[in-house]
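Engineer: From first to last, the protein sequence lines stand for chains A and B. Residue numbering for the first sequence follows this note's numbering, beginning at 6 and increasing consecutively. Residue numbering for the second sequence follows this note's numbering, beginning at 33 and increasing consecutively.
Hints may be right or wrong, so weigh each one.
Stated by the list, open to error - Under the rule of at most 25 Å between Cα atoms (straight-line distance), these lysine-lysine pairs were calculated in the BS3-like manner:
{"id": "1", "chain 1": "A", "residue 1": "K172", "chain 2": "A", "residue 2": "K152"}
{"id": "2", "chain 1": "B", "residue 1": "K570", "chain 2": "B", "residue 2": "K426"}
{"id": "3", "chain 1": "A", "residue 1": "K152", "chain 2": "B", "residue 2": "K173"}
{"id": "4", "chain 1": "B", "residue 1": "K318", "chain 2": "A", "residue 2": "K152"}
{"id": "5", "chain 1": "B", "residue 1": "K318", "chain 2": "B", "residue 2": "K36"}
Bear in mind the hints are in silico, worked out from the structure with no lab data behind them. Just so it is clear, the structure is predicted and the values come from calculations on it, not from any experiment.
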Amino acid sequence: MPPIRDKFTIHSKAVVCQDVELKGDITIGAGTIVHPKATIFAIAGPIVIGSGCIIEEGAIIVNRRKEVMRIGDDNLFEIGCRVESPTVGNCNTICTRARVHHTLRMSSYCVIGAGVLVVPTEDEMLDEYTVIYGPVAERRIWSGRGKVQEMDLRRKHAEYLREMLPKFNRLRRGDGT
Amino acid sequence: MAPKIEYYCPCLSESPHPPPPNLPSSSYSFHPLHNLFFCEECDAVRCNRCVLVEVSGYYCPNCLFEVPSASVRAEKNRCARNCFLCPNCRNTLTVVPSDPPENVDSRTSPIVSTTLGEPPFFLYCNHCRWDSAEVGITFEKPTGLAAQLQKFEDSAPESLEFERLKEHFEPFLRASSSSSTLPSASSHHVHTNPITAAASSALARDIPGVGKYNPLSRSRVGRDKAAHRQEYPDYKSRVEIGSAAALSGEADVEFLRHLETVSEVAALEQRWTNSWVSPLPASDLKPLRIPLQSKKSKRCPSCRHILIKPEQKAQSVRFKIKLVAANYLPAIAVTLPHAQAAIEMLKRTSKSASAAAQAEEQQAAGALIAGHSYSFHLAFTNPLYDPIQIRLAKALAPVQTAEGDAAAEAAERARRSTFQIQLPSAAFPVGAFAEAWEYDDEDEDMFLDDDGMEIVEARGKKGKDGRGKTRSVGIVEKRANVTIVSGEVLIPKEARGDVRFNMLVSYTYRSDDPEPSEEAGVGTPSRSHGTNKAPEMKNFSFYTVVDLGPIMYREEPKLTADL
């Protein structure tokens, strides 16, 4: 396997802490916040993260396929989650300790509940507004009520973090290691 | 399976001997120490099966509001405030306002204008994202939701029917309750609180013959019912039964005929919290008010002394009175030293084995193989502030002596094929419990080095043979308030099953009561020990069952895997 060449393209308005493990070709969009102790591994292919995403501690985003892994805008990756999905749309929420396999692709406004293990046997694309919850990963479609408030809340969350995190953590900037 | 030990509670039975441990039904009489209580007046162990339970208060698990007992009946055991259960995933629902009207430029819209949000409000589950607007329930105000929902609940056909039934039977109930339940209520009113009295009188009212056993009142209730049987007029229900069936029965059948997926039908967990029959289709399930939970206090069955009394506040998990057995009986932990050693070796050598394989190897390493003998360690922890002397004995199972040679032969074979246990026969002391910083003085007296783990030879310990320290039966270690003794189990070749045996533990301790020594011979009951120490010594004994695990049978000695 060819050695992984690190190439980080971090937008100037993004907040990426020093303690984050980055590997491979990673692009991080404007306004995205990566908490310390997060892990983003672009092992086989590059990862492109959109704007306004919040990646919390212990989150692991791994790309083991050669294609580009695209993550959209305003997503929330909560603590301890593990995402290998090749496509993640906008405004999704992957809750604490959820694990998403690489066969699953997410569209927008999906919610993967806490601790849920989503391992479909074949490639699958989640519809918009799908909610996966419970120990056996039951699914249902959310009506979408309350999504404006939720996006509002996420924007406020991101703004607060953008203000607070640099005060207590060193930031990592720009290209190279 | 790790070796474990459980304590026996006689549960007010006449014979103090525990049942033989290999019977499957005997497992109900043995409990781990943390489940047991201890009554100081009766000096006896009590368990959850024999203790009297009373309700000491009701509270809502969501808002932690203590509900007074009068409201409990009025609100039908549910929370009267804004606490609801999601019908989909049984999580708590929150009240949320609806979204503000969408702007064209939704990305740059400012923060929501008012803190309260805009009506209509609805219930929303954060976990599965179900909301009550799906079943059409919305509110104008975010508070007092139960009152707003009350209208819906009251107009349900089942509750209207129930109200009619209650009105119909009201005069008869009043007449019979005034005559028959008064004597029984006063006789056991002394010990119960109003909540329990209300509940038990309600039960006695509904089911004839239940209630405090009082032959006088029982016959009186029977007489009343017989008298009343002639007086009941016929009850006319609100809805004709034939047509009522059409409402629910046939509609359900129609729905089931057109089912596409199984998930359309409501699951059992979603339906059984509801008081009335809930609709079959999962999409029709309504949010439920959260059922109240109760805080219970427990009493000794014979002397009615309170053993457990929780605090009145719903948030606090502590107890006002907490007489648990762990504060009186020594805690016993049983380990197999050869299993520990094998696990340590496995851990050191195999680093790359998967978790499942490692667990299996550990289990196999700790197994008891037929034809060998093993020693096991019992660690006794003394909870009392005084040192105690413990004596162990094998509990003799009540053997049924049957006549006949066949029975004798069977008994002989049984004796040959069961395992033999050797326990230390002499009494050994266990130090008193004290705070951690007070133990330094004791350590220096007891041990030769500053090492806390020195193995001490205590008096009267070595059994028949003084082979090696680890193989002999007796005290292994004494440290602070913990003493570890070792026993041996010999497993003959034909033995099968689990190694499980009853053990009688008796210990003597200085009692807390400051009685002067002259009264020791007179005032104390017969169980005083009679040693020549100044305060009286009390003796207590209890049975335990020690389970060392199943016996594995191997043809040849186990080969250790190359790692």
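Engineer: Give a verdict on every hint.
Structural biologist: Checked hints:
1. A/K172 <-> A/K152: 31 Å, violated
2. B/K570 <-> B/K426: Holds, because 21 Å separates the two Cα atoms, which is no more than 25 Å.
3. A/K152 <-> B/K173: With Cα atoms ~21 Å apart, A/K152 and B/K173 stay inside 25 Å; holds.
4. B/K318 <-> A/K152: 22 Å, holds
5. B/K318 <-> B/K36: With Cα atoms ~47 Å apart, B/K318 and B/K36 exceed 25 Å; violated.
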